[in-house]
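Note that the protein sequences, when read in sequence, are chains A and B.
With my numbering, the residue at position 225 of the first sequence is 225, and numbering never jumps.
With my numbering, the residue at position 79 of the second sequence is 79, and numbering never jumps.
Take the hints with a grain of salt, since some may be wrong.
Heads up, simulated EDC-like pairs for lysine to aspartate or glutamate below, C-alpha to C-alpha not over 20 Å straight-line [what the hints assert, rightly or not]:
(1) Lys5/B / Glu102/B
(2) Lys21/B / Glu84/B
(3) Lys21/B / Glu161/A
(4) Lys162/A / Glu83/B
(5) Lys21/B / Glu11/B
(6) Lys2/A / Glu82/A
(7) Lys190/B / Glu48/B
(8) Lys251/A / Asp32/A
(9) Lys190/B / Asp32/A
Here are some chain A residues pointing at chain B (derived, C-beta under 7 Å) [as the list claims (entries may be wrong)]:
(10) Phe16
(11) Trp20
(12) Ile35
(13) Ser36
(14) Val39
(15) Met43
(16) Val47
(17) Asn50
(18) Thr165
(19) Val169
(20) Val186
(21) Val189
(22) Ala191
(23) Gly194
Okay, the calculated beta carbon distance ranges per label pair [said to hold, decoys possible]:
(24) Phe126/A / Leu179/B: 28 to 36 Å
(25) Leu179/B / Ser89/A: 44 to 52 Å
(26) Asp220/A / Ser165/B: 41 to 49 Å
(27) Leu244/A / Glu83/B: 49 to 57 Å
(28) Val32/B / Asp220/A: 32 to 40 Å
Please keep in mind that the hints were generated in silico from the structure rather than gathered at the bench.
Where is the CB? At the ideal position from N, CA and C, for every residue including glycine.
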Amino acid sequence: MKAVLHVIEYDFRNFFRYRWFIIGLIAMNLADLFISAVVFTQMTSIVNFNYFRFFAPGLAVVGLFASAFMIGREINMEVRREIHHYMLSLPMTRTELAVGRVLAGGLRGMLYMTPLLITNFIVLRFPTLPQLLLILLALLLLAIGISGVSISIAVSTTSFEKFVTARGVVYYMMFFCSSVFYPLSVIQVLASKGLWPLVVFAQMNPLTNGSDMIRSFLLDPNKYVFSPLMLLNVAVFSGIFAFLATFAYAKILQRH
Amino acid sequence: MGLRKLWLVIERDLRMFIQYKFMLIMRGIWFVSQVALFGLVVNNMVQEAAAKVGISYFHFYVAGVTIITLYSTSMFIGYDIFEEAEHGVFEYLLTLPVSRRELVLGRSIGGGLRSFIYVGPLLVVVLFVLGVSNPLYLLVAIASLFLFAFGVAGMSITIAVGMKSGDKYDILIGVLDALIVRLSTTMYPKFYMQQATPAYATVADFNPLTYASDLFRWGTGVEGALQFSPLVGVLGLFIFFFAFTFVGVVFYERRLEGGGWQ
C-alpha cells in the first residue's frame, strides 16, 4: 500500500507541473458552460427545456474525463523517452506500480472535477449526504475507468501521434455518443434513421450513466430517474479498464 | 521580391503539412463526428428554434464546422515555428538565399494555402450537402475564405513569435480557440446570442469567424439574408487579413534578427 501511495504522490506532483494545461482546460470548460450553454438555453427555451441546467452535470463529467485522460499522455511520453526503465527499477512490484498509476489518474480527475461539481451544487441544488456519497463513488469509478482506457492506449504505442489520434477517436465517440451534451431521448431519434448502433452505444456509455445519475439527484427526479443499474454500468466499465490497464502497463513495459 | 523564391518557401510549408498526417486524420475524424453526431442530434434538439429564424440547424452547423476546421488548420503554422526554433532549423532557414521578407511572407501564405488544400475535399462534400443557390455569391464567399485563412495564419505567426514557451503557446491557442469559436456565429445564430447576452452578440460582430461563417452560409444559400452587408463582411475579413499578415510579417522579421527566437 505504501508503494502505491508513493506512485500516486509522484503522479500528483507531475499533475501540478501542468498548471498551464489545467488553466487552459478550465477556460475551455467555463466557456462551454457560460457561453455555449447559455446560448443553447435560449434556443431550447422555446420547447421549455433549460439546457444550462441540463448541461452543468455533463460539464463535470467532461472535466473529469479530460483530466483523468491526462495520465495517458504522461505515460506515453515516459515510454517514448524511456523513463519507464527508471520506474521499473524502483523497489516495488510491477503490479503496485501499475495499480498506483491507474488510481493516480482517477484521483487526479476527481481533484480537477471537484470545483465543477461544486459549481453544479451552487447552480442546481445541494444533494443529500447519501446522494453526495453515491455521486462521488460513481465519479471515482468513472475516473478510474477513464484513466484505465487512457493508460491502455498509451502503452500500446510508442508514437505520440498515434496516441493523440486514438485519444481523439475515443474522446469524440464517448462524448458525442452520450447524454453529456444532449438528452438521451434526442439521441434515440437517430434509431429511426438507421443509426441504432450509435443509440445502443449511447445507452451503454458510462458517461451517459454517470451524467444522468448526477442529474437524477440534482435535477427533477421525475424526469431523470436514478437506477442502481447506472452505478453498476460505471462499476463494470471501471473494473474492466482498470484491470486491462494494470495488466497492459505491467506486461507491455517489460517488453520495451 | 522574387516570386520564385516566395513560391519555394510556400512549397516547403505545403510539404511540411503532410508530416502532420495523424493530426490531419484526427481533424477529419473530429469533422465527421461533429457533423454526423453532434450536428444531427442537436438539430433534433433545436429544430423549432432554428425554424423560427428560417434555417435548418443541421445545414447551419455544417457550414460553421467547415469554418472552424479552416481556422484550426490555419493555426498549425505557429506549431511549425516553435518546432523549428526548438530544433535549430531557424538558423538553417536564415542561411538560405531568400530575403527575410520573402521567407516571412511565404510562410504566411503557405500557412493559409495548405489549410485551404486540406479543407478543399471537405468543402466539396459540404457543398454537395448544402447545395449552391448562386454561383457568384459562392465565388465571393470562397474568395473571402482565402483572406480569412491567410489572416488566421498571420495571427498564428504573430502569437508564436511573441512567445518563447511552446507550452504557453499551446495553452493560449486553446483558450483563444475556446473563446473565438464560441463567441462567433459558427455554432448558433446571432439572434439567439443577442437574446442570451447582448455582450456576446457585440463581440461576435467583430469576430472574423462570424464574417467567414456568415459569408459562407450566404454563398451557399443556407442563410437567405445576412445580418450585415456582404461588403462589410468582405471588408472585415480584408482588414483582418491585412492587419495580421503584415503585422505578423513585421514581428517575425524583427524576431529573426539577432537570435530573438532563442
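(message) Are any of the numbered hints broken by this structure? If so, which, sorted upward?
(response) 6, 8, 10, 17, 22, 23 and 27
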